[in-house]
Amino acid sequence: MNFNFKNENQSLTKYTFLNYLKGDFFAWLTDDNNYLKAAQQYEDLKKLSYYRYKRLKNKNLNISEFELPTTIIDGNDVSDWSKKYYINKYQKDNFKIYDFSLEELGFDNLVKKTFEIMQKEKNFILFEGAFVYNGFKIRTDVIINKNGKFKLCEVKAITNCLEYHALDIMFQAKILQKNGYDIDNWILKLTILNNNFKLFQNKEDLQINELIEFNLLNLFQEHDRYFNSKPKDLKKAIEEGKGFLIREIFNHQDYFEIFNDFDNFLEKIKINQKKDKLPKKDHFEGRNFNYLDSEYFPFFLKYMGISDEKSIFLLGGDSWFNNKRKGNFFNIGIKNIDQIENLQLISNLSTQKLEENIKNFLKVKDFNILKNKNFINFLNKNNNSKKFKRIIQKNAILSNENFILNYKILNHLQIYKKVIYMYDFETVSQAIPRVKNMSTYEQVPYQYSIHIILDKDDFDFKSGKNIIHLEWLAKDNKDFYEDFWSNFTKDMQKYGPGSYVSYNKQFEKTIISNYINRVEYKKKDKFSFLLKIYEETLDMMEPFANYWYYSPDFLGSYSIKVVGPHFVPDISYKDLDIRVQKGDQSAKQAKIWLIQNNSYYDDNWLNVRNAMLKYCCYDTLLMVAIFQRLKEFIAQYNYDFELLISEINFATKNI
DNA sequence: ACTTGGGCGCTTAATGGCGG
DNA sequence: CCGCCATTAAGCGCCCAAGT
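Using the UniProt record's numbering, read the first sequence as starting at 1 and increasing by one per residue.
For the record, the hints were derived by calculation from the structure and aren't laboratory data.
Hints may contain errors.
To be verified - No farther apart than 30 Å at their CA atoms in a straight line, the calculated lysine-lysine pairs in the DSS-like style are these: (1) Lys386 with Lys232; (2) Lys408 with Lys532; (3) Lys381 with Lys456.
To be verified - Distance windows between CB atoms, simulated: (4) Ile468 with Asn372: 26 to 36 Å; (5) Asn76 with Ser439: 18 to 28 Å; (6) Lys275 with Glu104: 30 to 40 Å; (7) Ile97 with Lys275: 41 to 51 Å.
Just so we're clear, the structure is a prediction, and the values are computed from it rather than from any experiment.
Glycine included, each C-beta is placed from N, C-alpha and C at the ideal position.
Produce the complete structure using the sequences and hints provided.
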């Protein structure tokens, strides 16, 4: 490899710092200059983050809203409203307002301007102040000065705070300290969204933006704590003094050295970022293995020479196979799936509760357990195949064969009635809701698709025999919520009673229950049918989530996007409109449309709408296809029910 | 009378799957 | 980014027996 990168004008920001905590490789690659030059050599990198490459290649390129990730759309939205929140909150104090977010002076000039305000002014609110220390540039979301006392707030479009949020704001605090500010006497707060917020419809005639403003002081909350994971009740947890003070991150054992010897650490980062090629790597490092979730992960593996075929990183679908554990396995030399053969794949606790013969059975090595009749019968009878998913997963990969519990699947398929309604909701969630009575990040349904099988014993998804497709998509962004439900209620009864089915029913059930709870003051009987759907909905995901059918192709996943193509590889995304092809694009289109409120309703929207209609039928059609294939598959077998109900007789000679 | 430690069951934390 | 769900790991109080 004789390829050298010359790095000029590197950008050192708080993200450089935060990324470096995850690992030097990751930090190096997330530098724009480094990335761009590396991408010229490694084609994979271009494909992995197409928009990033496109943006960096052509700096003058105007990225349209359609190309912005939804997190950016929400981030900008929350940023805008947080300013109104602070202006509103300190209205009575008559503070001076400085907003540098739209200034085009260049960073150095902003630093000077910020410095002047910080020195001379008293009683002000400053948005997007600029500071620099030792080459590291930061922009502070909000700085408030009240009678000489400073307060720094970091605004996040989230409803809880984790360790990396604490690191984020405390890095800024450290830079301010190095600039000579006495941060020990500053108030440091994380400003987050209040998930109890509701866009109450107090006055009928208020426009949406007026309504948000009306509820504004309840939209945000400030606090100074972070948690290892999200508490069920954040408010209660804070009141009880749970969690950790963000200030204390300086004394956290993992970060103590960094913040105590800050200058030295910054130098280490600078040296790393200036390296002329990708840092060589043969093991995973960092304080955690979170960076394994990065979009660049497939590239990491390839660069480290890790083979795709039997890598332990293929194992997923189980919190036990978390990135940290897999990374640690790799570091101690367990790199391939066959090397985990001897590891205890079931927890001690689970093993203790098993019958002795099963325990012995699982100890056997070099034994094709997935084909063993006794094991299959044991799982068919005991409904606990999910407990053995690691074993199923590992052996399926090693033998490259499917694992099937016919009896379980047959039982599941027999529950379905003659007429089957396969339904799917398309929803959009926004950090700050634009639909009346909605709360932060609440999923708003704007589109549904229903495939109806008129006779479960006589249909075909390819010819369309006995298959009906119904769909609905909001026509404009005004008050579509009620229309959605009245149309859905009507369509779900159109061909009489039947089974109601969705994939991962929990999601659809939540959407329905949100609506039912919201309108309970209205006549109950009007919603009795929705309640019936809520209670009776079957889950097409069940055979896969419970490992009754497992293919090595699944790699631990049972998402419809993995299971669908396994059964019907001939249905593909190829025919779909380019505008809704990529991942979550459909939801993004709707989100833009909702956020823009009334301004976006034009011809462009109508084109997008047509594309969205085309896409929506895909998932429900897949459900019909999966149902049909599963039925055909099971029909091949002759069932020996005598065997299935007989005593499990373990052949001791095999143990 | 007091301390210590193992075993037990219950609760809570941590992780990652699913949908969007 | 959200909520919800499942599994596993860790923490806690409790009992009881053995030791000091």
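The hints, checked one at a time:
1. Lys386 with Lys232: Holds, at about 26 Å.
2. Lys408 with Lys532: 25 Å, holds
3. Lys381 with Lys456: Holds. Lys381 to Lys456 sits at ~26 Å (cutoff 30 Å).
4. Ile468 with Asn372: 26 to 36 Å: Cβ of Ile468 to Cβ of Asn372: about 44 Å, so the range 26 to 36 Å is violated.
5. Asn76 with Ser439: 18 to 28 Å: Holds: the Cβ-Cβ distance is about 20 Å, inside 18 to 28 Å.
6. Lys275 with Glu104: 30 to 40 Å: 33 Å, holds
7. Ile97 with Lys275: 41 to 51 Å: 43 Å Cβ-Cβ, so the 41 to 51 Å window holds.
This entry does not satisfy hint 4, going by the numbered hints stated previously; all others are met.
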